[in-house]
Amino acid sequence: MHLAGRHRSSATEELQVIAPSKLAIENVSKSFRGASGSVLALDQVSLNVAEAEFVCLVGASGCGKTTLLNIIAGLEKPDSGLVLADGKPVTGPGRERLVMFQEPALFPWLDVFGNVLFGLKLKPNLTNRDRHEVAKYYLELVGLSRFEHANIHELSGGMKQRVSLARALAPNPRVLLMDEPFAALDALTREQLYGDIQEIWKARRKTIVFVTHNVREAACLGDRVLLFAPHPGRIHEEFTVNLPRPRDINSVDLAAYATQITRALKSLGQPEAAITG
Amino acid sequence: MKRFLLAAAFFAVLVLVWEAAYRARIWSPVLLPSPWQVLLYLKTSALDGTLAKATVVTMRRLLIGYFIGLVVGLPLGLLTARWKLFGDTIGTMALGLQTLPSVCWVPLALLWFGQTEAAMLFVVVMGTLWSVIIATETGVRNVPPIYRRAALTMGSKRLHMWFKVILPAALPFIVSGMKQGWAFAWRSLMAAEIFVTILTGFGLGQLLHYGRELSAMEQVIGIMIVIVVIGLLADKIFFSPIERFLHRRWGTSQA
Numbered sequence: 008m009h010l011a012g013r014h015r016s017s018a019t020e021e022l023q024v025i026a027p028s029k030l031a032i033e034n035v036s037k038s039f040r041g042a043s044g045s046v047l048a049l050d051q052v053s054l055n056v057a058e059a060e061f062v063c064l065v066g067a068s069g070c071g072k073t074t075l076l077n078i079i080a081g082l083e084k085p086d087s088g089l090v091l092a093d094g095k096p097v098t099g100p101g102r103e104r105l106v107m108f109q110e111p112a113l114f115p116w117l118d119v120f121g122n123v124l125f126g127l128k129l130k131p132n133l134t135n136r137d138r139h140e141v142a143k144y145y146l147e148l149v150g151l152s153r154f155e156h157a158n159i160h161e162l163s164g165g166m167k168q169r170v171s172l173a174r175a176l177a178p179n180p181r182v183l184l185m186d187e188p189f190a191a192l193d194a195l196t197r198e199q200l201y202g203d204i205q206e207i208w209k210a211r212r213k214t215i216v217f218v219t220h221n222v223r224e225a226a227c228l229g230d231r232v233l234l235f236a237p238h239p240g241r242i243h244e245e246f247t248v249n250l251p252r253p254r255d256i257n258s259v260d261l262a263a264y265a266t267q268i269t270r271a272l273k274s275l276g277q278p279e280a281a282i283t284g
Numbered sequence: 014m015k016r017f018l019l020a021a022a023f024f025a026v027l028v029l030v031w032e033a034a035y036r037a038r039i040w041s042p043v044l045l046p047s048p049w050q051v052l053l054y055l056k057t058s059a060l061d062g063t064l065a066k067a068t069v070v071t072m073r074r075l076l077i078g079y080f081i082g083l084v085v086g087l088p089l090g091l092l093t094a095r096w097k098l099f100g101d102t103i104g105t106m107a108l109g110l111q112t113l114p115s116v117c118w119v120p121l122a123l124l125w126f127g128q129t130e131a132a133m134l135f136v137v138v139m140g141t142l143w144s145v146i147i148a149t150e151t152g153v154r155n156v157p158p159i160y161r162r163a164a165l166t167m168g169s170k171r172l173h174m175w176f177k178v179i180l181p182a183a184l185p186f187i188v189s190g191m192k193q194g195w196a197f198a199w200r201s202l203m204a205a206e207i208f209v210t211i212l213t214g215f216g217l218g219q220l221l222h223y224g225r226e227l228s229a230m231e232q233v234i235g236i237m238i239v240i241v242v243i244g245l246l247a248d249k250i251f252f253s254p255i256e257r258f259l260h261r262r263w264g265t266s267q268a
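Order-wise, the sequence lines are chains A and B.
The first sequence begins at 8 in this note's numbering and counts up one residue at a time.
The second sequence begins at 14 in this note's numbering and counts up one residue at a time.
No lab work stands behind these hints: they were computed from the structure.
The beta-carbon is built from N, C-alpha and C at its ideal position, and this holds for glycine as well.
In silico contact screen, one side only, chain A against chain B (beta carbon under 7 angstroms); selected entries:
{"hint": "1", "residue": "ALA80"}
{"hint": "2", "residue": "ARG102"}
{"hint": "3", "residue": "VAL106"}
{"hint": "4", "residue": "GLY126"}
{"hint": "5", "residue": "HIS160"}
Bound-form chain A, shown alone:
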């Protein structure tokens, strides 16, 4: 914000800017017209996310958590209600709120470096040299410096998501929106990424909204875990996770939280929701 317009910032300055947003979601409703009539995906959902808070949204598939994420991103418009980022209403997508998708959304026509650079090139007030420097910094942050010039198809699933993370972080968004980013990965890779994401979050304070159907994952990562209920999609219950970081997904304390959330999830009568980590 203090960089707006006139001032050209160097790569070092650019990397020093850490300005997480405060999000306010006010009475957001959204319905979709499906084959079986209209479905209310979100019903009067309200939610506040503090600056640099890590919030996890859990729930069965179809409870509207991804829809809410897309609305925060500005990729979808709510039927009614408002999303405010730092007090300003969100009207469309923008680089202040970047999304990391479940499916690999990396561009196959660019190499790893080109992908990380893509969003940076759209960011004004930087020279190309600064952009390269910034991209290198984030590739190093996710541990992929050696793979700068690799093609996307040469990477493993876990590496792809690391590049996606670097790409989402590179333009220095104030909010990071993650839509089940680790769902398609094997357990070992996932556990490694839980550690990494907590470290990166510590290094680059972001406001993170993280959608998952994995209760353990949510308890491991979130400051708060919001349990969504479907038909219509709404926030059912809220859990605050008071555990020191970095958290280990396999710790006993964490398991206690996960059990508590799982019990609440089960009480909603949603057998298809994943319970195990």
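Guided by the hints, dock chain B onto chain A, whose structure is given.
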């Protein structure tokens, strides 16, 4: 190297069989000249400049026509993919006309433009255009929506979106359409040159035609070989590198 030697051996055997057939006098030498005679024709026509001149005339028609086809076809393909109205009109027309063998444009081109360079160009453009439109449209339609969404969040829109996201994402389709367009253009141009004498320039097809008129079989076969070689070279020099790049980047199977 081993692959090259094998290929060379294959063609050597082919020429030997040809020579043997010639020596055995199965067909009259008027119908089947020896490889040597064909080579001799190619040598003399190369030395007196007829071959080079004809090749230049043909390639000029082909390249200009192909270029026009690309320049017109690419934007039209984008329009048909982007707006329903264009898809329903131009898209449908392109689909229909693509099924029309491009030789069928020759009579119409002759009546419209007479025996002129314009007629030749018209035929080449008609051979290229529809394939390019359809390939571009298909390519754009097949771009996974997730690329668009990801780019949108990073601040890409309008022209940037088209040039930096949608076009590159559609590239594999567009290149295969360009290749098909090239093949169609090449074929239709040869057919047009064989049928039609254009006073402003003798192309390879016309040399082929006069070879037949004069019963100069070594000329007919010689020109056919030249045509094949040009087709191969275009593929190796122009399309192969692009395709290799696509295979490497996208990780599709190596051709």
